[in-house]
Structure formats: structure tokens, C-alpha cells
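Student: Here is what each chain is made of, one letter per residue.
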Amino acid sequence: MSTATSPTPTAAEGSGTDSSNPGLKNVTLYRLLSIAGVFVAWEIAGMVPISVAFPTFSDTILAFVEMTADGRMISAYAETLKPLAVGVFISGFFGIAIGVGMGLNRLFQWMWEPIFVVLQASPVAALIPLITYAYGIGLTAKTVAVIILAAPIIVLNTYKAVRNASPNLIQMSRSFQGTRLQEVMKVIIPNAAPVIFAGLRLGVAAGFIGVILAELLITPTGIGDIISYHRSVAEYAHMYAAVFSIIVFSAVMIGLLEKVETNYFRPEKKKGQ
Amino acid sequence: MTSATAMSAPSDTQTQSSDNIVEVRNITKFYGSDIHALDSVNLGFPTGQMTTLLGPSGCGKTTLLKIVAGLLEPTSGEVFVKGKQVTGPGPERAFVFQDFALLPWATVLRNVAFGLELTHKPKAEREEKARHYINEVGLSGFEEKYPHELSGGMRQRVGLARALAVNADVLLMDEPFSAVDEQTRRKFQEDLLHLLSVEKKSVIFVTHSIEEAVYVSDQIVLLSPRPGRIHSIIRPEITRTANPDDIRRDKVYLDIVEEIWNNLRKYLD
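Residue numbers (my numbering), protein chains in the order written: chain A, 230 to 502; chain B, 94 to 362.
Hints in this document: simulated from the structure, not taken from any laboratory. By construction, the Cβ of each residue, glycine as well, lies at the ideal position given by its N, Cα and C atoms. Wrong hints could be hidden among the right ones.
[Unchecked claim] Think about it this way: if two alpha-carbon atoms lie no more than 20 Å apart in a straight line, the pair counts; the simulated EDC-like pairs of lysine to aspartate or glutamate are:
{"id": "1", "chain 1": "A", "residue 1": "415", "chain 2": "B", "residue 2": "283"}
{"id": "2", "chain 1": "A", "residue 1": "498", "chain 2": "B", "residue 2": "220"}
{"id": "3", "chain 1": "B", "residue 1": "175", "chain 2": "B", "residue 2": "185"}
{"id": "4", "chain 1": "A", "residue 1": "499", "chain 2": "B", "residue 2": "236"}
{"id": "5", "chain 1": "B", "residue 1": "359", "chain 2": "B", "residue 2": "343"}
{"id": "6", "chain 1": "B", "residue 1": "214", "chain 2": "A", "residue 2": "288"}
{"id": "7", "chain 1": "A", "residue 1": "415", "chain 2": "B", "residue 2": "210"}
{"id": "8", "chain 1": "A", "residue 1": "415", "chain 2": "B", "residue 2": "348"}
[Stated by the list, open to error] With the C-beta cut set under 7 Å, the calculated list includes, among others, these residues of chain A facing chain B:
{"id": "9", "residue": "403"}
{"id": "10", "residue": "406"}
{"id": "11", "residue": "464"}
{"id": "12", "residue": "474"}
{"id": "13", "residue": "477"}
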């Protein structure tokens, strides 16, 4: 078979990497244009104004710069990130472990599935008073709020991804005498990784919702405090600056998670870019 | 090229059992309680030869292959490999999958070495073996590519290299060329025959293509459908030293294709 494939390789090689590149520059340009468009629309809507409680984009940015300069924004983030980081870490670590367990073992699935389905379906704002009865108003309660929002999404996505791992690849592993452990570590989990990561991204986004909800509903601290304080004194530019910054922060975190995924877990995707 | 010899099933299986590397005895397979896939199949697969399981869809040919591979359990009956009964996958058999079954996140090199990775061979050793077989199937230079960067035919070459790398005596090939276009398929068949003449493997090959079966096989087992039974066994005695294009135009080749077609067409209504 030494003379085999001289015509085929070039054909496949050409289609692989080169064709996707020419459009890339334009994509970045369109993204920037889209973002600029939103900011311009925001500025105009603020100048009209559509409501006295709706500041312009430039006022919002000024308020953000002011609060960053006097350190309020930074200490607020330090406060907000504590329950968020702890909650997201616990949800990610145990969520993936429980999800993998549920995907591999029916008994484990029956044990855990109802809890997470109920949690996912329930309106968490309504559960927050219950959390304060059980855990008070401190860091624990806020961490629990983050976990309640983030964990079900991570668990259920991981479980579905593992359960639906490609039967062909599993059969392949078995045919080459792979053990059950090798099958799980070398085939099932890498095969499930894209969906697990999708769940992780959604879970982190939900964690942001959870922490802000907790800061608004339990005790005002961190970013939640900035939002509720400036609303109460009608400094809407400052309130919007806090809301806007948390959205940007959340988007950046989710983007970073995607980078981690492509760099360390999906080498073939990295190469394709 | 001498003429083909067609024999009925029972007389063939009882003879020369010591020359058979794989034997199946009284294999019956039910899926659930009502789907009868195979009905007491007795069959010998001669050492160093290529045996093709051929039949219309639903005749249980892939089921039989997966039972031999140890990937499916027969409802009753036994499988013997080199005289020993087997009940699961083993190192003496390697499988080539219809849909390639490559790890999309692994390079060609790691995919080819995957069978050796599972049996804990040292990294240097398994990569050296993998490189050798990547070269054998004509893919050198593609070691660091990922499956999605390859064409269908090249992916199946990776699947074949992976099966060769574990150095099994028996290759089990489940319609390996069905997901490959016709031109690539012909080239692949020729390359496969060439490679097998070097590697001295015994092959069990499943296909639904009559031409493919006659072109590549030493022995063709025709299966009849629902439940799968051996209809007949044909040995197309074609001299493979001739030019591939001459073989495809040869009268013996065409006659056997015609004969098999006449046998199979009655199952089509």
C-alpha cells in the first residue's frame, strides 16, 4: 500500500485549514460594529430620554470610571467574587462528578436525578427566604444560592453527555480489550467533554445570576449593594455602571472558559480555528 | 484462474477443522424474543485466508461478525479461536469498523496506537509501531492530523492501521468500504489485498457488495435472511497475481458474480 494515497492527501489538506481564514478578519470587524451599534443606540436612547431612570452610555461609563477610581467597584467585586468563586467551584467539581456518576450508573441516576430536576425547575428567588432560614445571611447563604442555580445545569448536562457517549467508540474500546476504567477515562469523558463544557458555561452564567440575586435579596453586599444603593438614591448612571460591568465580567469569564476548553481539551478544534 | 467450486454448507464445515483459525458452532442469536437473527450457524474460517460473509441486509452478517469479535453474545452456540473457546474480545482478533470509530480528539498517530495504549505498551514502542503501520497504509505525513482533516477513505486507512498495529492473527472487517466512495473503494480493495499478502492475516470480511466479495475473497459465505442461515459457500479460485483491471474483466470473475446474484435475487421480494 506504499503507493496508495498520493492524490487524496492534497485534496483533504486544502479544505482543512485555509478556507476558513479569509472570512475571519471580517467577523471581528462585524463584531466590533455590532457592539458599537448597541452603544450608539444606548447613547441616543439615553439622550431622548426614554425614561429619567435611563442614563446615556457615556454617563454610565463615567460613573464606572469614577467608582473604579475611588476603589468602590474593586472592593465590591472582591465581596461578590467570594461566594461566586466558591459556589462555582463546588458546583463544577461535584456537579461534574455526580453527573458522570449518573451517566454511568442507573442506580446513581435514580438517586440524584429527581433532586436536580426539581432544583432546575424551581424558581430560585422563591427559595431564597428558605436559604436564609437555614444558613442565615452571611457568605454561606450566598454560596448556597450560587450552587442552587449553577449545580443542576452542570449536573444534568454532564449526565446527558456521558449517557449519550458514542456507542461505536465504546464498542471500539472494548474490541481492543479496553477495561471499563479505560473506557470511561479515555473514551466516554473526552467524548462528552464538549457538552460538559457547554453545561459548565451555562452553569457559570447561572452562578452570576445566583450571586446577584442573593446580594439583592439576602443582604446588600458587593455589586448587589451598589445596584440597590444607587437605585434608592436615584443615581441611575452608577446603578447601570454596576449592572453593565457585571454583564461584561460574566461574558469575559465564559469566554475564558471556552478558551480553556479549546486549548486543553479539544486540540482538534484549536487546530481547526 | 480456475473455475469456482461451490459446495453446500454442511460438508464443508465438518472437514479440515484444524486448518480453521476461527470456528463457530451452532450459533443462534435472538434480539429480544421475536427477532431471529441467526439460526444454528456452523462455519469454519481457514487460516491465512479471506472469508467474506455476503448477503442481503437483515441476514445477520454483521451480527455474526460481532459475535466472533466477542462484542455481542450469542443466544446459544460457541466461538473457537485457534482451538480455544472465547466469550469476549481478545488480542488475537482486531476489528475494523464500518463507521471508522476514530477518536475525533486524537491525532492519527494516537488513533493508530490506541489499541496498544489500552494494553499498556510503552509510549515509544507503540508510536514506533503506529508509524510503521501508518506508512504501510499510505498515510505517512499525516501522523499529526486529526480525523476531521481526512477524507473518508483516509479515515478507514487509519482504522485499518489501528487494527494491524495490535498484531492480531484475525482481522474482522465490518463493511469497511461502505462509507467510502466508489473510486476510493476500488483502490482500497487493491491496496488491502496487497497489504494482506505481506501481513499474512486471516480475515473475516462483511460486505453487501457481490463484486467486492468476489474480488477480495478466498471463500464467500452466502447467508440467507430471517433467520440468517448459510445458503452456500463459494470459493472463487481467482489468481490474484493478475492486473486488477484484468481480474475485473475476467470471465470466471464475472460468472461467479452472476451466479451469486442469481442465488440472492430470490430474497429480494
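Student: If a hint holds in the structure, say so; if it does not, say that too.
Tutor: Right, here's what the structure says about each hint:
1. Between residue 415 of chain A and residue 283 of chain B the CA atoms are separated by roughly 34 Å; this puts the pair beyond 20 Å, and the hint is violated.
2. For a cut-off of 20 Å, the pair hint linking residue 498 of chain A to residue 220 of chain B is broken: about 23 Å separates their Cα positions.
3. As the CA atoms of residue 175 of chain B and residue 185 of chain B are separated by approximately 9 Å, the hinted pair is consistent with the 20 Å bound.
4. Taken as a hint, the residue 499 of chain A and residue 236 of chain B pair is honoured in the structure, with Cα atoms around 17 Å apart against an allowance of 20 Å.
5. Taking the CA atoms of residue 359 of chain B and residue 343 of chain B, the gap is about 26 Å. The hint is violated against a cut of 20 Å.
6. Only pairs whose Cα atoms come within 20 Å are accepted, and residue 214 of chain B paired with residue 288 of chain A is rejected, the gap being roughly 65 Å.
7. Distance hint between residue 415 of chain A and residue 210 of chain B is fulfilled; the C-alpha atoms sit about 10 Å from each other, no more than 20 Å.
8. For the proposed pair residue 415 of chain A and residue 348 of chain B, the alpha carbon gap of about 48 Å is over 20 Å, so the pair is violated.
9. Interface hint status for residue 403 of chain A: upheld, as the beta-carbon distance to the closest one in chain B is roughly 6 Å, under 7 Å.
10. Residue-level restraint check for residue 406 of chain A holds (minimum Cβ-Cβ distance to chain B is 6 Å; threshold 7 Å).
11. Proximity of residue 464 of chain A to chain B is violated relative to the hint, the smallest CB-CB distance being about 51 Å (cut-off 7 Å).
12. Proximity of residue 474 of chain A to chain B is violated relative to the hint, the smallest CB-CB distance being about 36 Å (cut-off 7 Å).
13. With 7 Å as the threshold, the beta carbon of residue 477 of chain A stays out of range of chain B, its nearest partner Cβ sitting at about 32 Å, so the hint is violated.
Checked against the numbered hints given earlier, this structure breaks hints 1, 2, 5, 6, 8, 11, 12 and 13; the rest are met.
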